[in-house]
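Colleague: Below, each chain spelled out in residue letters.
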Amino acid sequence: MFKGMPKIFWIGMATMYGWCFLFMFLEMTIQGFPLIRVLGIPFCYIYNFLWVVNIIVSFLYFSMEE
Amino acid sequence: MEVNPIVIIGALIYFGILFWIGWSSRKASLDASDFYVAGRKVGPFVNGSALAATYFSPASFLGLPAFIFIIGYPFWWALVGIIGGMPIATLLTAAPLRKYAPTSFTDYYEDRYETKWMRLAAGIPTIIGGFAYVILSLVGTALFMLAILKINFTFSVILSAIVVFAYIYYGGMVATTFSTAFQGITMTIASVVAAAWVIGYYGGLNGLTDAILSNNPNFFNPPYANEVASHKLVGMWTGVIGFFFTWHFGFSALPYTVVRFFTTQDIKAARRSVFWAVVVGGAMYAGLVIIGSGARVLIETLHPLMQMDTIDSALGVLSHMKTEYGVAGASVTDYSMIAAIEAFQQPFLLAILAAGGLAIAMATAAGWTMVLNVLLGRDLMGKVFGSPLPEEKPVLITRIMTVIIIVICMLFAFKPPALVLDISGAAFIVILCSCGPPLVLGIWWERATKAAAMINILVMTFLSCFSWMYANTVHGSAHLFFLNKNIVTPHQFYWVFVGFFFFIVLSLVTKPCSDETIKKYSLDLRPEA
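Those sequence lines, one after another, are chains A and B. Going left to right, the first sequence walks through residues 14 to 79 as this note's numbering numbers them. Going left to right, the second sequence walks through residues 374 to 902 as this note's numbering numbers them.
One or more of the hints may lead you astray.
[As the list claims (entries may be wrong)] Taking lysine-lysine and the DSS-like style, the derived pairs with C-alpha atoms no more than 25 angstroms apart in a straight line are:
1. B:LYS489 with B:LYS893
2. B:LYS893 with B:LYS756
3. B:LYS472 with A:LYS16
4. B:LYS893 with A:LYS16
5. B:LYS641 with A:LYS20
6. B:LYS641 with B:LYS892
7. A:LYS20 with B:LYS884
8. B:LYS858 with A:LYS20
9. B:LYS605 with A:LYS16
10. B:LYS858 with B:LYS605
11. B:LYS766 with A:LYS16
12. B:LYS641 with A:LYS16
13. B:LYS892 with A:LYS20
[Said to hold, decoys possible] Some residues of chain B that are not near chain A, with every Cβ distance over 12 angstroms (derived):
14. VAL376
15. ILE456
16. MET459
17. ASN579
18. PHE617
19. HIS621
20. SER646
21. TYR658
22. ASP682
23. LEU814
24. ILE877
[As the list claims (entries may be wrong)] Chain A side only, calculated, beta carbon under 8 angstroms to chain B, not exhaustive:
25. MET26
26. MET29
27. CYS33
28. MET37
29. MET41
30. PHE56
31. CYS57
32. TRP64
33. PHE72
Quick caveat, the hints were computed from the structure, so don't treat them as lab data. C-beta: ideal position from N, C-alpha, C; glycine also.
Take these sequences, add in the hints, and give me the full structure.
Modeller: Structure, rendered in structure tokens:
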């Protein structure tokens with residue numbers, strides 16, 4: 014199953030799921046986590062802006078294949 | 374609330390540009406290949422923008438902000454899940470399917486599983502999902518028509534049906550790929566400009582956050598870490614995860630996006646299209662998060678209707694809209710993001726938002742109507758039941774089908790059965806758990822069998838439809854587990870994972886396809902080949 018799938022696919026998947034589930038877990042275990050101030054603004058605006066992770070993964074997918 | 378000429382002029386400019394692009398590109402539509410797959414000559418940025426406009430619907434533009442308005446911050450993860458699912462399609466389905474280069478979504482099912490009846494099987498959940506999507510697109514178009522013209526919702530639905538029909542009548546994929554790309558840019562600009570206005574009004578993200586918290590102190594509360602979660606539907610982890618996964622795999626396996634992989638110049642362009650769709654769609658979603666989060670406080674502090682003695686909350690404003698304009702069913706909550714921008718009382722801002730809303734609704738209606746046209750005409754009428762008409766007269770058949778589809782959907786749109794995002798979630802789960810496994814594993818697993826594909830589609834279509842409707846009618850919400858209403862399972866999302874497991878087990882105990890078929894439609898489509 015999935016024989017021939019480029020390694021970058023799994024790296025991208027692990028990055029995206031790792032990012033999302035890590036921060037979901039932190040939100041559900043640390044009270045007020047989304048509103049902790051980082052760089053002067055509530056942290057959730059940064060980790061939930063970071064668009065960016067998906068753009069990077071998408072860029073890696075087509076550029077590495079090419 | 375009166376009609377503003379600036380808003381009408383803004384909408385007319387949008388229609389003018391749209392029909393000019395449609396008319397000028399229509400001249401390039403020469404034969405059936407041009408009509409169905411745009412002659413496979415669309416570049417990555419244009420195709421990526423069109424992909425975004427087609428994939429994202431009023432369920433995104435109206436529905437996601439409405440759900441943030443209702444549920445609060447934890448629902449932001451649903452938007453992350455949707456955009457996060459898009460890059461996966463690059464290598465999972467976009468590149469292999471472009472290599473195979475079919476005309477229709479169901480071509481792959483017939484070829485890979487060696488029977489024309491797979492077209493009919495794959496067609497059942499696709500027709501259910503397709504009609505649901507055209508209905509919600511008409512509802513979305515009607516709500517924006519209402520915002521622009523302040524007319525009764527029923528008239529608004531009829532006007533929307535006429536506009537959508539006229540748009541599709543202008544041509545097939547050629548007209549709708551270039552004009553849909555324009556719509557993709559329009560919807561993103563609308564969302565980003567409106568969100569920037571919201572952030573600017575509050576003097577930055579800190580000011581916006583303070584305003585949201587002063588209006589609803591629980592807005593940013595995920596489950597467990599706080600005494601009270603922002604809403605009961607995200608009161609347990611299954612709610613947050615469920616909303617994340619409901620739409621997550623849609624970009625890889627939903628027919629209305631998969632067909633856009635067929636229209637690119639080559640595999641390279643197909644992969645790059647996904648990148649541009651993520652850029653365009655991600656920017657739009659970032660805007661929707663801000664609008665949805667600020668909607669309640671904006672309506673309650675700025676909306677002119679709040680000055681009425683009988684209205685004391687955002688829900689009161691929406692109830693007034695429901696009564697005033699005869700908005701049927703639950704869909705008035707979908708008006709919350711429009712009401713939030715109306716609250717600024719800036720006609721040009723509402724004009725931009727209305728253009729974006731019309732763009733996204735019409736693009737989705739056209740994309741799904743084309744999928745249904747090809748499925749009902751070329752695939753079922755032509756390939757399964759042997760009629761020569763769809764190949765000989767594709768334009769005529771398409772127009773007849775379009776009339777039938779639009780009229781049926783218009784009748785349902787008069788009284789929408791649910792919020793647009795709920796209609797979308799149901800359509801996604803039904804198609805993903807039934808048609809998803811045979812498509813994805815058909816490409817990536819030699820052992821996928823005909824019997825497994827047929828049984829999986831029929832069984833999972835029934836189970837997902839039944840459980841969704843049972844939970845919705847018996848428990849009062851499609852987001853509660855149909856066997857136990859104390860567990861939150863948005864849209865019965867678990868069927869997607871059950872579908873893949875069920876398909877694998879069935880394939881292991883049934884007869885595989887021929888070696889020639891496996892080589893041609895599985896091994897040869899992979900990057901290594």
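Colleague: Go through the numbered hints given earlier and state which of them the structure violates, listing their numbers in rising order.
Modeller: Structure breaks hints 7, 8, 9, 11, 15, 16, 17, 18, 19, 20, 21, 23, 24 and 30.
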